[in-house]
Amino acid sequence: MTEMHDPDLQTKSRRATGILSENLHFVANEPSLAFYRLQEHVRKSVPPMIEKRVQVQKLHKDLQGHYYDVEYALGAINSIKNCEEPLNNIQEQLKNALFLSQQIKYEHTRRLKTSQIDNDAPSKPIKNVPV
120 MTEMHDPDLQ
130 TKSRRATGIL
140 SENLHFVANE
150 PSLAFYRLQE
160 HVRKSVPPMI
170 EKRVQVQKLH
180 KDLQGHYYDV
190 EYALGAINSI
200 KNCEEPLNNI
210 QEQLKNALFL
220 SQQIKYEHTR
230 RLKTSQIDND
240 APSKPIKNVP
250 V
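Quick note, the working numbering runs 119 ahead of the 1-based positions in the sequence shown.
It should be emphasised that the hints constitute simulated quantities derived from the structure, not laboratory data. Hints may be right or wrong, so weigh each one.
[Claimed, not checked] With a straight-line cut-off of 25 Å between C-alpha atoms, the simulated BS3-like cross-links for lysine-lysine are:
| hint | residue 1 | residue 2 |
| --- | --- | --- |
| 1 | K163 | K177 |
| 2 | K224 | K214 |
| 3 | K177 | K200 |
With the hints as constraints, model all of the structure from the sequences given.
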(Lines of atoms letter the chains of each structure in order from A and count residues from 1; the text may use other names and numbers.)
(Lines give C-alpha, C1' and ligand atoms only; values in the text may rest on other atoms or scores of the structure.)
Protein backbone atom coordinates (compact mmCIF):
# COMPACT_ATOMS: atom_id res chain seq x y z
CA MET A 1 0.00 0.00 0.00
CA THR A 2 0.95 3.56 -0.30
CA GLU A 3 2.44 5.16 2.74
CA MET A 4 0.89 8.29 4.16
CA HIS A 5 3.35 11.07 4.71
CA ASP A 6 0.97 13.46 6.39
CA PRO A 7 1.29 12.92 10.19
CA ASP A 8 -1.90 14.82 10.93
CA LEU A 9 -3.87 12.55 8.60
CA GLN A 10 -2.33 9.49 10.23
CA THR A 11 -3.32 10.54 13.73
CA LYS A 12 -6.85 11.40 12.61
CA SER A 13 -7.24 8.06 10.83
CA ARG A 14 -5.88 6.15 13.87
CA ARG A 15 -8.28 7.96 16.15
CA ALA A 16 -11.20 7.29 13.75
CA THR A 17 -10.39 3.59 13.48
CA GLY A 18 -9.98 3.37 17.26
CA ILE A 19 -13.37 5.00 17.84
CA LEU A 20 -14.95 2.79 15.18
CA SER A 21 -13.39 -0.30 16.76
CA GLU A 22 -14.61 0.76 20.20
CA ASN A 23 -18.14 1.35 18.88
CA LEU A 24 -18.17 -2.01 17.12
CA HIS A 25 -16.95 -3.69 20.30
CA PHE A 26 -19.65 -1.93 22.32
CA VAL A 27 -22.42 -2.82 19.84
CA ALA A 28 -21.25 -6.42 19.58
CA ASN A 29 -21.25 -6.82 23.37
CA GLU A 30 -24.44 -4.94 24.13
CA PRO A 31 -26.75 -7.14 26.28
CA SER A 32 -29.91 -6.64 24.21
CA LEU A 33 -28.02 -7.52 21.06
CA ALA A 34 -26.59 -10.60 22.76
CA PHE A 35 -30.08 -11.72 23.73
CA TYR A 36 -31.26 -11.12 20.19
CA ARG A 37 -28.41 -13.24 18.81
CA LEU A 38 -29.14 -15.94 21.37
CA GLN A 39 -32.82 -15.89 20.41
CA GLU A 40 -31.95 -16.21 16.73
CA HIS A 41 -29.62 -19.09 17.45
CA VAL A 42 -32.27 -20.90 19.51
CA ARG A 43 -34.94 -20.24 16.89
CA LYS A 44 -32.75 -21.76 14.18
CA SER A 45 -31.24 -24.68 16.08
CA VAL A 46 -34.06 -25.96 18.34
CA PRO A 47 -36.50 -27.30 15.67
CA PRO A 48 -33.88 -29.59 14.06
CA MET A 49 -32.82 -30.74 17.53
CA ILE A 50 -36.43 -31.56 18.44
CA GLU A 51 -36.83 -33.45 15.16
CA LYS A 52 -33.68 -35.46 15.88
CA ARG A 53 -34.91 -36.16 19.40
CA VAL A 54 -38.21 -37.50 18.06
CA GLN A 55 -36.31 -39.69 15.59
CA VAL A 56 -34.07 -41.01 18.37
CA GLN A 57 -37.09 -41.79 20.54
CA LYS A 58 -38.76 -43.65 17.66
CA LEU A 59 -35.58 -45.61 16.97
CA HIS A 60 -35.27 -46.40 20.68
CA LYS A 61 -38.84 -47.70 20.74
CA ASP A 62 -38.23 -49.85 17.63
CA LEU A 63 -34.95 -51.13 19.04
CA GLN A 64 -36.60 -52.00 22.33
CA GLY A 65 -39.28 -53.98 20.45
CA HIS A 66 -36.61 -55.89 18.53
CA TYR A 67 -34.76 -56.53 21.79
CA TYR A 68 -37.89 -58.05 23.34
CA ASP A 69 -38.37 -60.21 20.21
CA VAL A 70 -34.81 -61.51 20.47
CA GLU A 71 -35.22 -62.21 24.19
CA TYR A 72 -38.44 -64.13 23.49
CA ALA A 73 -36.77 -66.14 20.72
CA LEU A 74 -33.83 -67.00 22.97
CA GLY A 75 -36.23 -68.13 25.68
CA ALA A 76 -38.06 -70.33 23.19
CA ILE A 77 -34.79 -71.87 22.01
CA ASN A 78 -33.71 -72.55 25.59
CA SER A 79 -37.06 -74.17 26.36
CA ILE A 80 -36.70 -76.38 23.26
CA LYS A 81 -33.41 -77.66 24.68
CA ASN A 82 -35.31 -78.80 27.79
CA CYS A 83 -37.93 -80.64 25.70
CA GLU A 84 -35.59 -83.33 24.35
CA GLU A 85 -36.81 -86.10 26.68
CA PRO A 86 -40.56 -85.49 26.14
CA LEU A 87 -40.02 -85.29 22.37
CA ASN A 88 -38.13 -88.61 22.44
CA ASN A 89 -41.05 -90.16 24.36
CA ILE A 90 -43.50 -88.85 21.78
CA GLN A 91 -41.35 -90.28 18.99
CA GLU A 92 -41.29 -93.72 20.65
CA GLN A 93 -45.04 -93.65 21.17
CA LEU A 94 -45.58 -92.73 17.51
CA LYS A 95 -43.36 -95.65 16.43
CA ASN A 96 -45.36 -98.00 18.67
CA ALA A 97 -48.64 -96.63 17.31
CA LEU A 98 -47.48 -97.18 13.71
CA PHE A 99 -46.35 -100.71 14.53
CA LEU A 100 -49.66 -101.53 16.22
CA SER A 101 -51.58 -99.99 13.33
CA GLN A 102 -49.66 -102.19 10.88
CA GLN A 103 -50.37 -105.26 13.01
CA ILE A 104 -54.08 -104.47 13.16
CA LYS A 105 -54.17 -103.92 9.41
CA TYR A 106 -52.34 -107.21 8.82
CA GLU A 107 -54.72 -109.12 11.11
CA HIS A 108 -57.72 -107.54 9.43
CA THR A 109 -56.55 -108.47 5.91
CA ARG A 110 -55.63 -112.00 7.08
CA ARG A 111 -59.09 -112.53 8.58
CA LEU A 112 -60.73 -111.21 5.41
CA LYS A 113 -58.72 -113.68 3.34
CA THR A 114 -59.57 -116.61 5.60
CA SER A 115 -63.26 -115.70 5.63
CA GLN A 116 -63.22 -115.45 1.83
CA ILE A 117 -61.55 -118.84 1.58
CA ASP A 118 -64.16 -120.32 3.90
CA ASN A 119 -66.98 -118.74 1.91
CA ASP A 120 -65.54 -119.85 -1.43
CA ALA A 121 -65.07 -123.48 -0.40
CA PRO A 122 -67.92 -125.82 -1.44
CA SER A 123 -69.91 -127.07 1.45
CA LYS A 124 -69.15 -130.79 1.62
CA PRO A 125 -69.92 -132.85 4.57
CA ILE A 126 -66.87 -133.72 6.55
CA LYS A 127 -66.27 -137.44 6.66
CA ASN A 128 -65.59 -139.11 9.88
CA VAL A 129 -61.92 -139.29 10.11
CA PRO A 130 -60.56 -141.88 12.49
CA VAL A 131 -58.56 -140.37 15.18
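Status of the hints after comparison with the structure:
{"no.": "1", "hint": "K163 <-> K177", "in the structure": "holds (23 Å)"}
{"no.": "2", "hint": "K224 <-> K214", "in the structure": "holds (15 Å)"}
{"no.": "3", "hint": "K177 <-> K200", "in the structure": "violated (35 Å)"}
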